[in-house]
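Engineer: Quick note, the sequence shown lines up with residues 1 to 171 if you use full-length UniProt numbering.
List time: in silico EDC-like cross-link candidates among lysine to aspartate or glutamate, alpha-carbon distance up to 20 Å: (1) K44 x E33; (2) K44 x E60; (3) K44 x E67.
Simulated from the structure, these hints should not be mistaken for laboratory data.
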Amino acid sequence: MTEHLEQADWRPILAALANPHARRLFAAIVLDESPGSIGLSPSKQRQATAMLVRAGLVREVEGQLVEQPGVFGRVLVAAAEPRATGPERFLDERGEIDRYPYDATERRALLRLVADRVLAVDEVLSEAELNERLATFGPDTAALRRAMVDEEILERTRSGSEYARVADPAQ
1 MTEHLEQADW RPILAALANP HARRLFAAIV LDESPGSIGL SPSKQRQATA
51 MLVRAGLVRE VEGQLVEQPG VFGRVLVAAA EPRATGPERF LDERGEIDRY
101 PYDATERRAL LRLVADRVLA VDEVLSEAEL NERLATFGPD TAALRRAMVD
151 EEILERTRSG SEYARVADPA Q
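Please build the complete structure, drawing on both the sequences and the hints.
Structural biologist: Structure representation (structure tokens):
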């Protein structure tokens, strides 16, 4: 089984089927026709075969290409997994911020989520310590730190050397 199938990633499948040579070859394999009957040069057929194998659509068995059953079903099952809601939906699979919401309320909720994960309510951190913790959310720690201060989620000393959570009036 390929890595793509284990991850149930649709991208390599779509890329293979978007290629007209790979698509023709796949059709021939599914219809039990001879791959030689589709009129591809040996070079084009090798490229199309490699693309289909990488996508996990076919495999070679005893010198013949055979369709991999269940590929589409696995991709559809993976796509049906519930998506994150709330501010977590702005985090990628590694937990990094992959985009900032346009809506100010959602942006604030995302920044509050970050603050909740990196800094306890009564904790005071140096800028270096805070940057180290914020780095888990992406490379631009300065922008993230500034946004949290601008939204009054964090406050900093006048010198900018220490940071703490602002007391949440709702708590």
